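**Student:** Protein chains in written order, with my numbering: chain A, 7 to 560; chain B, 7 to 560.
Note that these hints are calculated values from the structure, not bench results.
Computed from a predicted model, the values in this text were never measured in an experiment.
Incorrect hints may appear among the rest.
Each pair may be met inside one copy or between any two copies, as identical chains are not told apart.
[Said to hold, decoys possible] Result set (DSSO-like, lysine-lysine): computed pairs, CA atoms no more than 27 Å apart in a straight line:
hint, residue 1, residue 2
1, K111, K494
2, K374, K560
3, K414, K360
4, K387, K188
5, K494, K560
6, K305, K287
7, K494, K443
8, K412, K443
9, K113, K307
10, K253, K412
11, K12, K256
12, K329, K560
13, K412, K387
14, K374, K188
15, K192, K40
16, K12, K111
17, K113, K494
18, K494, K374
19, K305, K478
2 protein chains.
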Amino acid sequence: MELVVKHMPTINRAIQAIHERTFFAQYPEHPSPKIYGEDADKNGRKTFQSLVGKKFEELLQGNSDQWIGDEESPYMQEPLNISYPAFSSEELLSNADTAFHQWRKVKADLRAAILVESLDRVKNRFFEIAYATMHTTGQGYMMAFQASGPHAADRALEAIAMGYEELTRFPESVVWDKPMGKYNLKLAKEWRAVPKGISVVIGCSTFPTWNSVPGMYASLVTGNPVIIKPHPGAILPIAIFVAELQKVLKEEGLNPAICQLGVDSFSNMITKELAEDDRVKLIDYTGNSTFGNYLEGLKGKFVFTEKTGVNSAILDSVVDIDKVIGNLAFSLSLYSGQMCTAPQNFYIPASGIKTPDGVVSFDEFAQKFADNIQGLVNNPKAGPFVLGAIQNKNTCSRVDDFGAGKGKVWLESTQVENPMFENARTATPLVLEVDAKNEDSFSQELFGPIALLIKTENTTQSVALAKEMAIKHGAISCGAYTTDSEIKEMIADEMSLAATPVSFNLTGGIYVNQHAGFSDFHVTGGNPAGNASFTNPEYVIKRFTWVGFREPLK
Amino acid sequence: MELVVKHMPTINRAIQAIHERTFFAQYPEHPSPKIYGEDADKNGRKTFQSLVGKKFEELLQGNSDQWIGDEESPYMQEPLNISYPAFSSEELLSNADTAFHQWRKVKADLRAAILVESLDRVKNRFFEIAYATMHTTGQGYMMAFQASGPHAADRALEAIAMGYEELTRFPESVVWDKPMGKYNLKLAKEWRAVPKGISVVIGCSTFPTWNSVPGMYASLVTGNPVIIKPHPGAILPIAIFVAELQKVLKEEGLNPAICQLGVDSFSNMITKELAEDDRVKLIDYTGNSTFGNYLEGLKGKFVFTEKTGVNSAILDSVVDIDKVIGNLAFSLSLYSGQMCTAPQNFYIPASGIKTPDGVVSFDEFAQKFADNIQGLVNNPKAGPFVLGAIQNKNTCSRVDDFGAGKGKVWLESTQVENPMFENARTATPLVLEVDAKNEDSFSQELFGPIALLIKTENTTQSVALAKEMAIKHGAISCGAYTTDSEIKEMIADEMSLAATPVSFNLTGGIYVNQHAGFSDFHVTGGNPAGNASFTNPEYVIKRFTWVGFREPLK
Chain A
7 MELVVKHMPT INRAIQAIHE RTFFAQYPEH PSPKIYGEDA DKNGRKTFQS
57 LVGKKFEELL QGNSDQWIGD EESPYMQEPL NISYPAFSSE ELLSNADTAF
107 HQWRKVKADL RAAILVESLD RVKNRFFEIA YATMHTTGQG YMMAFQASGP
157 HAADRALEAI AMGYEELTRF PESVVWDKPM GKYNLKLAKE WRAVPKGISV
207 VIGCSTFPTW NSVPGMYASL VTGNPVIIKP HPGAILPIAI FVAELQKVLK
257 EEGLNPAICQ LGVDSFSNMI TKELAEDDRV KLIDYTGNST FGNYLEGLKG
307 KFVFTEKTGV NSAILDSVVD IDKVIGNLAF SLSLYSGQMC TAPQNFYIPA
357 SGIKTPDGVV SFDEFAQKFA DNIQGLVNNP KAGPFVLGAI QNKNTCSRVD
407 DFGAGKGKVW LESTQVENPM FENARTATPL VLEVDAKNED SFSQELFGPI
457 ALLIKTENTT QSVALAKEMA IKHGAISCGA YTTDSEIKEM IADEMSLAAT
507 PVSFNLTGGI YVNQHAGFSD FHVTGGNPAG NASFTNPEYV IKRFTWVGFR
557 EPLK
Chain B
7 MELVVKHMPT INRAIQAIHE RTFFAQYPEH PSPKIYGEDA DKNGRKTFQS
57 LVGKKFEELL QGNSDQWIGD EESPYMQEPL NISYPAFSSE ELLSNADTAF
107 HQWRKVKADL RAAILVESLD RVKNRFFEIA YATMHTTGQG YMMAFQASGP
157 HAADRALEAI AMGYEELTRF PESVVWDKPM GKYNLKLAKE WRAVPKGISV
207 VIGCSTFPTW NSVPGMYASL VTGNPVIIKP HPGAILPIAI FVAELQKVLK
257 EEGLNPAICQ LGVDSFSNMI TKELAEDDRV KLIDYTGNST FGNYLEGLKG
307 KFVFTEKTGV NSAILDSVVD IDKVIGNLAF SLSLYSGQMC TAPQNFYIPA
357 SGIKTPDGVV SFDEFAQKFA DNIQGLVNNP KAGPFVLGAI QNKNTCSRVD
407 DFGAGKGKVW LESTQVENPM FENARTATPL VLEVDAKNED SFSQELFGPI
457 ALLIKTENTT QSVALAKEMA IKHGAISCGA YTTDSEIKEM IADEMSLAAT
507 PVSFNLTGGI YVNQHAGFSD FHVTGGNPAG NASFTNPEYV IKRFTWVGFR
557 EPLK
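Excised from the complex, chain A in its bound form (with noise of 0.2 Å):
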């Protein structure tokens, strides 16, 4: 119980924070010596580049005959060569089906401070993580520090917060006591918060942190054990939280296959296997809709999705046109659009868009546009690092391939030299004119840095546009633009219906593209784009069934 004395007051603080929905932040963001250490920084790149090329040891799963590991750097283009032990999904199963029987019966205090712990013990290994998360997504170095550290433990605490909230919601046990006239009716009622079962968390190859660990935190904390399979290009991120959560159940005496890291390989995926076996209750998955939409319709599951969507900017109106192109050049070129929030149509009225200077023509923005974009990725100290590098090949080839006949190329893709790296795989961002009639060329998700500028007849069709969009083929964010507060409003209540968010008027050093712990929810969970918010009470809710018990009073 010595955990839950030391962490219970920071699950305390991160319950008011959910409720307050103001910022809070568990784990520092900045990765600054006075916060982390002098050295925290050179000995996680070092770590990481011990670990290269080996064995990783660190799991306390049982000993395996198969070491596999497909991941490679988008930096290098080369393979990391680090190997994980391999199970079978049987192994992996049988041995989470045994586990389950420990895990439920921890109390949900001791529960939630075991898991803090191992956010406590991976603070430590952020820096590691931030190398682990840069070779195997492509981020830059600040967006895998940041996404992958303190924002994913911040997303984890979150989840447990929430979990542990919804687990002590109603009393234990209670007399219920009805009068009857002539006497009183006693009953012992008891409640118990009983978990579903095997939950199966499938990372994705871009965020393999902080899209995966909101789930597993949230099956954990609310009784079910965790088989994290993640994507065989990113690996490593997640491995080091497993191997570390694994360390803290061992030593409090528990089965440390809680939470098993089942990986896999291209050419072997035991996604499916698992997925589809009976005792799995609970899914956890990101990535595209295609198999997201497989997974929802498995029977007998409760699976949480974050798949594709085809998020808006829409520009009606603004103070500082300059200041606006800025920020959403910014957007699209982070992390070299490879991010589920970053915007991909754009919708400016054909009239153009009002400012106090007068009108800014279509034309005009999208020259604008283009300009700002080419002079943020060709400034050697800010290009590179805001655009990183591109996970995966087929990503490239969508940006070559999308262009040709569709409209009028305002910026052609192309690649930068990455100053530390030289064989990084780089684009730029596309940017493409597209008329509203040509409605074909925009109702998709094109993953990767494409931008299409969509000319509409005015507002209420680039809203009409983006709410369709929504409704049909899911968005996960809006960043919209306008000094009129009656436009505000239709917009905010037309893409509410779309169960889409909308950031209004950004300028400055905030992004559409940033979701924050314990204020936004993360995918509303209300459109195509995913079926599940991070964190919602609705996430954890469903990971457990509230069953009662009652005996007359003795």
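Following the hints, put chain B in place on chain A, whose structure we already have.
**Tutor:** Then chain B, alone, in the frame of chain A:
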């Protein structure tokens, strides 16, 4: 806002009751003249009688040139000849769609207050609803009063309160204030609970209000317009609820189509047309598993079901065998086993049931059980009123056809005379012995007065079978009798994994059939008996989506 001031204390008290989970009743369950007035019963009966044979003209949902109605009294086996205005699915959906955009903009507190006001008005019609329920469902008078009146209204209030709590769980807006080192980044953030869309509530023939009002009020409080599609055989009780709500809506200047009654006939059911329409996002359903599974499989809907189950009684050891048998005989006979919570499979060890006075053998138990039932049903002052009448002829056929060749018949089903209704359709319990080896014979719900006494090897097998039935075929209740605390915990733990609530050692005036509002979660949602629960947080949360908006602070 007068209504808000009037009803917010009740809503807050109901929220408190949900969290305390001990006895709470807003609507008194005793049909006492002291509570409801000297003439309430007499007037209620008269009003009901005055409705028979006429058009039901209270609804405020426009004119119809088609009036239909198939209700028949199980007590008289004659049509009631009450007719209701019929509307096409398209008319209902189009009206609901219009009403949606008004209702979703009404503030949560006013929505909740309007709904509570409707319940307070329904309170004045509890007796009329009781007679309407008797003469559509066949319930006895006392159950008809309690279940369709006060208990239903309490369940409705519970759904309103739970919904209101969730809607107000997070702040409407905050200033998000993030320290950035040299400055603070400030965003004005706002969240809206966006209702999903049109809700269709599909009623059943046995509990036309109790099973429908939770979904109806849960959808309404969260801002969704509702179409009630009652069972063609049991319309009047819920029609009165709808009519009273429509009057309040109209008085508040709102569109009464926010809640419509969508009546159909046995020969022309509109349920599928409604359920499959794209505009319908929420479906609540009580009824058979075949149709329930079809609804659960519809894409793009949030479906809340209560289907069928195989409820169990597990007999291990008791203090007083006669009291136990009296309790179980009553549970089985109540409304002739036509309750979703009625016990069906009685698991008894071949070695008998342990008591302080020695072991009661299987045969001894069976004989005492049969005798006790016979004593109850043949008692002219109790039997007819406890049994009520059989809603559906098919239930009688099932009882008639089931026994043959399955095992030893300990008690034949027969009919009883009802002193008030000579033509009442009745059936007393059939009690049959089957061996635990013949799983096929007890692996399905046998809706109606059928009890199977299953001879098991021991209590461990009894529990294993009860658990297996619940996992495979669903279960809504389990009654267990044991004086051994280890066995009790084993039963609780095993049945919890089958998401089945357990009532231990009930004797006297409390029965396994009864699930109290504000305390017992009715149906857990964790086994095939249904995917929803009255009223856990999930039941309301899935009816809306949290969507956030943000903008730099001015």
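**Student:** With reference to the structure, classify each hint as holding or not holding.
**Tutor:** Okay, the hints, checked on the actual structure:
1. K111 to K494: between (50 Å within a copy, 16 Å between copies)
2. K374 to K560: between (79 Å within a copy, 26 Å between copies)
3. K414 to K360: Answer is within: at 23 Å inside a copy they meet the 27 Å cutoff, but 86 Å across does not.
4. K387 to K188: Classified as between; 22 Å across copies, 84 Å inside a copy.
5. K494 to K560: between (62 Å within a copy, 15 Å between copies)
6. K305 to K287: Answer is both; intra-copy 10 Å and inter-copy 20 Å each pass.
7. K494 to K443: within (24 Å within a copy, 68 Å between copies)
8. K412 to K443: Cα proximity of K412 and K443: one copy only (12 Å, versus 69 Å across).
9. K113 to K307: Cα proximity of K113 and K307: one copy only (25 Å, versus 35 Å across).
10. K253 to K412: neither (54 Å within a copy, 56 Å between copies)
11. K12 to K256: within (18 Å within a copy, 57 Å between copies)
12. K329 to K560: between (72 Å within a copy, 16 Å between copies)
13. K412 to K387: The answer is neither: 33 Å in one copy and 84 Å across copies each exceed 27 Å.
14. K374 to K188: neither (83 Å within a copy, 30 Å between copies)
15. K192 to K40: Answer is between: at 25 Å across copies they meet the 27 Å cutoff, but 60 Å inside does not.
16. K12 to K111: The answer is within: 21 Å in one copy meets 27 Å, while 45 Å across copies does not.
17. K113 to K494: Close across copies (20 Å), not inside one copy (47 Å); limit 27 Å.
18. K494 to K374: within (24 Å within a copy, 74 Å between copies)
19. K305 to K478: both (24 Å within a copy, 13 Å between copies)
In the structure shown, a violation is registered for the earlier hints numbered 10, 13, 14, in ascending order.
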